[in-house]
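Required output: the full structure, derived from the provided sequences and hints.
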Amino acid sequence: MSAEGKKPRYMLVWGGLALLTGIEVATAFVVRKALEGFEIGHEQVTMLIILILLGLAVWKALLVALYFMHLKWESKALRWLAVAPLLPATILVVVVLMEYV
Amino acid sequence: MATMTAEPSGIPVREEHHPQPFIRKYIFSTDHKIIGIQFLFTTLFFLMIGGLLAVMLRFQLGFPGEAMPGGSILPETMAPGGIILPEFYISLVTMHGTFMVFFAIMPLLVGVYANYLIPIEIGTHDMAFPRLNMISFWLFLISGLMMLSSFWVVGGASRSGWTQYAPLSANPDASGVFTGQILWCLSIAVFGFSSLLGSINYITTIVNQRAQGMTWFRLPLVIWALFITAILGLLAVPVLTAAVIMLLFDQTIGTTFFLPGGGGQPLLWQHLFWFFGHPEVYILILPAMGFVSEIISNGSRKPIFGYKSMVFAIMAIAFLGFIVWGHHMFQSGMNPRLGMSFMVTTLIIAVPSAIKVFNWMATMWGGAIKFTTPMLFAVGFVMLFTIGGLSGIFMAANPVDIYIHDTYFIVAHIHYVLFGGSLFAIFGAIYFWFPKMFGRMINETAGKIHFALTFILFNLVFFPMHGLGMEGMMRRIYDTSRYTHLSDVQDTNTMISIAAFGLFASGLYFGVLFFWSLFKGKPAPDNPWEANTLEWTLPSPPKHGNWEQLPTVYHGPYEYSHPDMDRDWLLQNERPDIVSPAHEVTIRKGEA
Amino acid sequence: MSTHGAEAVQFEQTSFNVYDKKLGMWVFLASEVMFFTGLIGSYIILRWGASESWPAPGEVLNIGVTAGNTFLLICSSVAMVKAFAAIEEGDQKHLKLWLLATIVMGASFVGVQAYEYTHLIHEGFLPSSGLYGSTFYAMTGFHGFHVTMGVLCMIWVLGKAMRGHYTQENHQGVETIGLYWHFVDLVWIILFTIVYLI
Amino acid sequence: MDWSLPLNISTQGVQIDNLFWLIFWLTAVAFVLVEVGVLWFLWRYRAREGHRARYTHGHLGAEIVWTAVPALTMIFLGIYSGRIWAGIKSPDSFPKDALTINVTAKQFEWNVTYPGADHVLGNDDDFTIRNRFEIPAHQPVVVNLESEDVIHSFFIPELRVKQDAVPGKVIPIWFEATQAGDFQIACAELCGLGHYSMRASVVIHEPEDYERWYNEQTGAAQTAAAD
Chain G
1 MSAEGKKPRY MLVWGGLALL TGIEVATAFV VRKALEGFEI GHEQVTMLII LILLGLAVWK
61 ALLVALYFMH LKWESKALRW LAVAPLLPAT ILVVVVLMEY V
Chain H
102 MATMTAEPSG IPVREEHHPQ PFIRKYIFST DHKIIGIQFL FTTLFFLMIG GLLAVMLRFQ
162 LGFPGEAMPG GSILPETMAP GGIILPEFYI SLVTMHGTFM VFFAIMPLLV GVYANYLIPI
222 EIGTHDMAFP RLNMISFWLF LISGLMMLSS FWVVGGASRS GWTQYAPLSA NPDASGVFTG
282 QILWCLSIAV FGFSSLLGSI NYITTIVNQR AQGMTWFRLP LVIWALFITA ILGLLAVPVL
342 TAAVIMLLFD QTIGTTFFLP GGGGQPLLWQ HLFWFFGHPE VYILILPAMG FVSEIISNGS
402 RKPIFGYKSM VFAIMAIAFL GFIVWGHHMF QSGMNPRLGM SFMVTTLIIA VPSAIKVFNW
462 MATMWGGAIK FTTPMLFAVG FVMLFTIGGL SGIFMAANPV DIYIHDTYFI VAHIHYVLFG
522 GSLFAIFGAI YFWFPKMFGR MINETAGKIH FALTFILFNL VFFPMHGLGM EGMMRRIYDT
582 SRYTHLSDVQ DTNTMISIAA FGLFASGLYF GVLFFWSLFK GKPAPDNPWE ANTLEWTLPS
642 PPKHGNWEQL PTVYHGPYEY SHPDMDRDWL LQNERPDIVS PAHEVTIRKG EA
Chain C
694 MSTHGAEAVQ FEQTSFNVYD KKLGMWVFLA SEVMFFTGLI GSYIILRWGA SESWPAPGEV
754 LNIGVTAGNT FLLICSSVAM VKAFAAIEEG DQKHLKLWLL ATIVMGASFV GVQAYEYTHL
814 IHEGFLPSSG LYGSTFYAMT GFHGFHVTMG VLCMIWVLGK AMRGHYTQEN HQGVETIGLY
874 WHFVDLVWII LFTIVYLI
Chain Z
892 MDWSLPLNIS TQGVQIDNLF WLIFWLTAVA FVLVEVGVLW FLWRYRAREG HRARYTHGHL
952 GAEIVWTAVP ALTMIFLGIY SGRIWAGIKS PDSFPKDALT INVTAKQFEW NVTYPGADHV
1012 LGNDDDFTIR NRFEIPAHQP VVVNLESEDV IHSFFIPELR VKQDAVPGKV IPIWFEATQA
1072 GDFQIACAEL CGLGHYSMRA SVVIHEPEDY ERWYNEQTGA AQTAAAD
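Chains as they are written, first to last, in our numbering: chain G, 1 to 101; chain H, 102 to 693; chain C, 694 to 891; chain Z, 892 to 1118.
None of these hints come from the bench; they were simulated from the model.
There could be a bad hint or two in this list.
In silico PhoX-like cross-links for lysine-lysine, where the CA-CA straight-line distance does not exceed 20 Å [to be verified]: (1) C/775 - G/72; (2) C/715 - G/72; (3) G/76 - C/715; (4) G/76 - C/714; (5) C/853 - C/775.
Take a look, some chain H residues computed to stay more than 12 Å from chain Z by CB distance [said to hold, decoys possible]: (6) 123; (7) 153; (8) 157; (9) 169; (10) 184; (11) 317; (12) 349; (13) 353; (14) 378; (15) 436; (16) 547; (17) 598; (18) 643.
Interface residues of chain C toward chain H, partial, derived using beta-carbon atoms under 7 Å [stated by the list, open to error]: (19) 708; (20) 750; (21) 823.
Backbone N, C-alpha and C fix where the C-beta goes; we use that ideal spot for every residue, glycine too.
This is how it looks when you write it as C-alpha cells:
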C-alpha cells in the first residue's frame, strides 16, 4: 500500500467525503429551490439535479475505492478485477431499460 | 510478465498424514478431493431423483390417464390410484428441470470436478480456502434437500416451471402453491450462496496457486473451462439470488416487484432470470467441453488442435454469454428491436462453438484413436452436441422461433445440449477420473455397454422430439389429446416414453456399475490412460495434501506422441531431455 | 521458452502478487456488485417504467436523520482505515481502539436504520406500499444486512486483535475485512443518493 | 407425426417456413459434415500396431477457414431473418386497414372482444365471446393481447402466430389468413394447472361469411343492449 513511504492522508479523504455529503443534501433541497426560481422547466431542473447528484455520488465512491480500498496503490490487474463487474452490470441495466425506448 | 529463476518453492509443506477421525476425514472434510467425492455422491443421487421425475412425467405423456404401475404409493394429492394429476404433473416438470439444472448437472460439472481437479491439475496442496469449500458443500446439500422436501409440504412442490415466470410464481392464488414455492426460492438462494463460495475458491486458487512453470497457457483446457465457468457463476448467480429474493418477498411480505397489480413488471423477472440463465447455460457446457478436450486428446494420442483458439473460444463464449439472454424472450412481449439485437449476438455465439467442434475433429484427424469408454463418451458428446448446437440456430433465427418457441423443438434442443452434451461429458469424466478418485478401474466392457445403451436410447428419446416440436406440440402440457393439431402425436409420445424408461434403466445400470467398481473394480495404476496432466503423477487415490513437494511444470498438457519420446505421452513435469528414450524415469518422488 | 532448456530454466510468475484472502475478497466483492445490481438495477428499471409518479425526496423518508447516518458510516469507514494504518505501523493499541470505534459506529448505523424502519412502519409505509415501498425496503434492508454481517465479522477480528493475532508483518485479516467494510460504505453512498435524494 | 410443419394458412407463415427449411438445409450440410467426419476419423485413425499419431499443435489457415465460414453463414442468416422479423414485429409493419380485435387471456380461457356496430373498440357496444375466435380470411387482423392474471401465450400453429400475453401490458400482433377453416388457439406458456386444456376454437371465414356473422353478432349485441 503505502510502501512508497508516502502515507495516504485518510483524514483529508474523510473531510472530503463529509463535505460532499453536505453538498449533496444541499443540492437536493436548497439548490433545487434556487434553480426553480429561474426560468427553466421543472423537468430540466430535475434532470440537472439528478446528474449533479449522480456525479457527486460517483466522486464519493471513487474516493472510497481509491483511498480507503487502496486501489490507487494496487497493481493494474487488481484494478481491472475491481472494475470488471461493472461491465455486465451496466449491460444488464441499460439493455433492460431499452424496453422503454 | 515478471520472471524469476527456479528455486525450491517457499511454500511450507502442510501438516499431512496424521490420522484424522472419520468425521473430520469424510464428513466435515476440508480436503478438496473428499469434498469433490461428496459432491459426486450427492449429485448422482439428485441425478437419479431428476431421472425418476422424468420417468413419471414421461409415463403421463406416453400413457395419459392410465394408472402408473406402483404409482398408488403416491399420496392422493399427487396421483390418486396411480393416475397422475395435472397439478402434480406440473410439479414434476418444474422439479425435473430444477433438479437437473441446479442439483445435478451444474454441481456434477463444477462441484465435483472443479473441486477434485483444480488443485491436482495445477499442482497445489488444496484449495485456497478449504473451509469455505466445506461450507459450500454443506450449503449445497441443505439447499438440495430443501428443494426435495417441498414435494411433501402442503400444496406440493412449485408449479411454475424451472424458469419460475412471474406472476404465476409470485402469486400463490394463481399457482395454488404457497409453501412449496417459498421453499423453491429459499433453496435457490442458499444454492446461490453455496455456488458463490465455490466460485471464489476456484478463481483464487487458479490465479494464485499454480505450480512453478504452470503458466496460463500451460493450463489443461479443463482448468481453463472451469476457471471461466467460475467467473460466469460469480457474476451471474448473484443476479438470480437477488431476483429470487425479490420473488420471495412478492410471495410473502406483499412487495410488488413482479406483480403488475402493484405496478411491478413481469418481464423484469424474465430479464433477471435469463441474465443469469444464459450464462448458466454456458456454466453447464463449458466444463463439459473441457472434459471432452482432455479425453479426446488423450484418446487420440495427439496434442489438442489449436490450444489457444480453444482458450479464446471459451472466453468468447463466456463474454457473449452475457449479451444473448434475450433470445429466451423473443415472444415474451419484449421490445422487438431488442429482439433483433439479441438475435445477432446469439447467432455470433455459434461461431466459437463451431470452432471447438472443428478443433476436436482436427484433434482426432491423424491420431491413433483408442476406443476407451471415456473416449466413446467424448466422441458421443461431439456428435450429440453438434445436433444440439445446430438445432439452436433454428431458434436463434427469431422468425422461426415464433413458431417453435415453447414447443418440443426447444425440449429436444435443451436435452441434446444438456444430456447429449453435458451429461455425456460427465459420464466420460466419471470413467476417466474414477481410477484416480477411487483407486479402482471401471470394467471397460461394462462401460461400453453403458455407452451403447445410453447413446441409442438417448437418440430414441430426444430425436423424435424435434418432430413433435415441428407439429407444434407445446411444452409442459399434461395431455395432448385436447388439441386438434396434436391428434397424431400420441404414438410417438408412447414410443419416446418407452425409450425413456430404458434410458432411466441404463442410468440405474450405471449406478450399479459405479458402486460395484467402487468395491470390486480392478486396482488402478497411477496413470491408467497414459495421460499428461499432473494428477496422473500422483498415486491413485492421491493422499491428503496431494504433494509432499510441489511439482514443476515444463510444458503444456497435450504433448502426446512427442517426437523425442519413445512412449507416446509426456507428463507435464517431465522434461524430454531428462526423460530420455534411453532411460525412462518417472520424476515422481518416492517411486524411483 | 524452450522445453529443452538447459539447467537455468526461467519460470514465469504463476501467481498474482496478492495474497489469497485479499484476492478472494475482491472476487467476492465482484459478485456483490452483481447482487446489488440485481436490486438497484431493478429499482432503476421499475422506477423508470413506473406509471404513477414517484414521491419527491423527503416526502416519505426523513433525509436529515439518514444524512446523519450516512456521515456515521463514512466515519466508521475512516476508523477502519485508521485501524489498518495503525497495525501497519505495528501499533496494537490503536488497532484495537479504531476497530472498536468502527464496530460502535457500524452498530449505531444499524440501530438508526432500525429506528427509521419502525418509524416508517408506524407511519404506514410498508414493503407492500407499492413499488416505492418494495424497492426501498429491499435495497436498504439488504444493505443493512450487509452492515450487520460486517459488524459481526469485525467483532471476530477485534477478538483476534485482542489476542495479539495481528502483527506489523501479518495483518491480512484486518485488510480483508476493511475491504468489505469500505465496499458496504460505497454501496451506501450510491443508495443514499439514488434512494433518498433523487 | 410426419416430420413436416403443419398446414400454413398465413402470409407470414410462408416466410417463416421458408426460413425454417433454409436453416434445415444449411444445418443438414454441417450435420453430415461433422457426423460423417467424426465416424470416418474414428475408423481411419483407429490405433493400430506401428502407427503413431501425428505430432501437430494446429494449423492457422485451417482454423481461420472454419472460423470464417460459420461466421459468414451466421451474418447472412442474421441479415435474412432480421428482415423477416422486422416485417412481422416492428411497429411500422402493422397494416393500416386491419380489423382490430382484443384478446384477453385468463386462467384458463380466451376472451375475444370485437368492436360493436360502430367498428371502434373500447366503448359500450363492444361484445365479448368466450373461447371462440372468428376472423375473416384475406384481410389483415390486429390482435391486442392482454392478460388478467398470469402470462399466457397466444398460439395458433397454422397461422404461425405465437405471442405471450403479459399482465399489465397490451401487446399488438398482426397476421393475415389465406384460407378459411376451423383451427384452435393453444396456450403455449405454462399458466397453471389448467394450462393443458386452455384452448379456444378459431373459425376463419371467407370475407362475406365473416360479414354475415359479424352483422348477426352486432345485431344480437344491440338487441341485448336494448333489453
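To see whether the hints hold, each was checked on the structure:
Pair hint residue 775 of chain C plus residue 72 of chain G holds up; C-alpha atoms about 17 Å apart against a cutoff of 20 Å. As the CA atoms of residue 715 of chain C and residue 72 of chain G are separated by approximately 15 Å, the hinted pair is consistent with the 20 Å bound. Proposed proximity of residue 76 of chain G and residue 715 of chain C is supported: the alpha carbons are some 15 Å apart, at most 20 Å. Annotation: proposed proximity of residue 76 of chain G to residue 714 of chain C holds, straight-line Cα distance about 18 Å (limit 20 Å).
A threshold of 20 Å between alpha carbons decides the hint, and for residue 853 of chain C with residue 775 of chain C the separation of about 17 Å falls inside it, so the pair holds. No beta-carbon of chain Z is positioned within 12 Å of the beta-carbon of residue 123 of chain H; the least distance is around 44 Å. The non-interface label for residue 153 of chain H is consistent with chain Z: the shortest C-beta to C-beta separation is roughly 21 Å, beyond 12 Å. Its beta-carbon lying about 16 Å from the closest one in chain Z, residue 157 of chain H satisfies the requirement of being farther than 12 Å from that chain.
Remark: the non-interface label on residue 169 of chain H is consistent with the geometry, its nearest Cβ contact in chain Z lying 17 Å away (cut-off 12 Å). Every beta carbon of chain Z lies more than 12 Å from that of residue 184 of chain H, the smallest distance being close to 14 Å; the non-interface claim holds. Every CB of chain Z lies more than 12 Å from the CB of residue 317 of chain H, the least distance being 16 Å, so the non-interface label holds. Consistency note on residue 349 of chain H: stated as away from chain Z, and its beta-carbon is indeed over 12 Å from all of that chain's, at 18 Å minimum.
Every C-beta of chain Z lies more than 12 Å from that of residue 353 of chain H, the closest at about 18 Å, which supports listing it as non-interface. At roughly 16 Å from the closest C-beta of chain Z, the C-beta of residue 378 of chain H stays outside 12 Å, upholding its exclusion from the interface. Residue 436 of chain H, annotated as away from the interface, has a beta carbon of chain Z within 12 Å; the closest lies near 10 Å. Once the 12 Å rule is applied to beta carbons, residue 547 of chain H is consistent with being away from chain Z; the minimum gap is 21 Å.
Remark: the non-interface label on residue 598 of chain H is consistent with the geometry, its nearest Cβ contact in chain Z lying 14 Å away (cut-off 12 Å). For residue 643 of chain H, the shortest C-beta to C-beta distance to chain Z comes to about 28 Å, beyond the 12 Å cut-off, and the non-interface label holds. The interface hint given for residue 708 of chain C holds, since its Cβ lies 5 Å from the closest Cβ of chain H, which is under the 7 Å cut-off. This hint is violated: residue 750 of chain C has a C-beta 19 Å from the nearest C-beta of chain H, more than the 7 Å allowed.
Residue-level restraint check for residue 823 of chain C holds (minimum Cβ-Cβ distance to chain H is 6 Å; threshold 7 Å).
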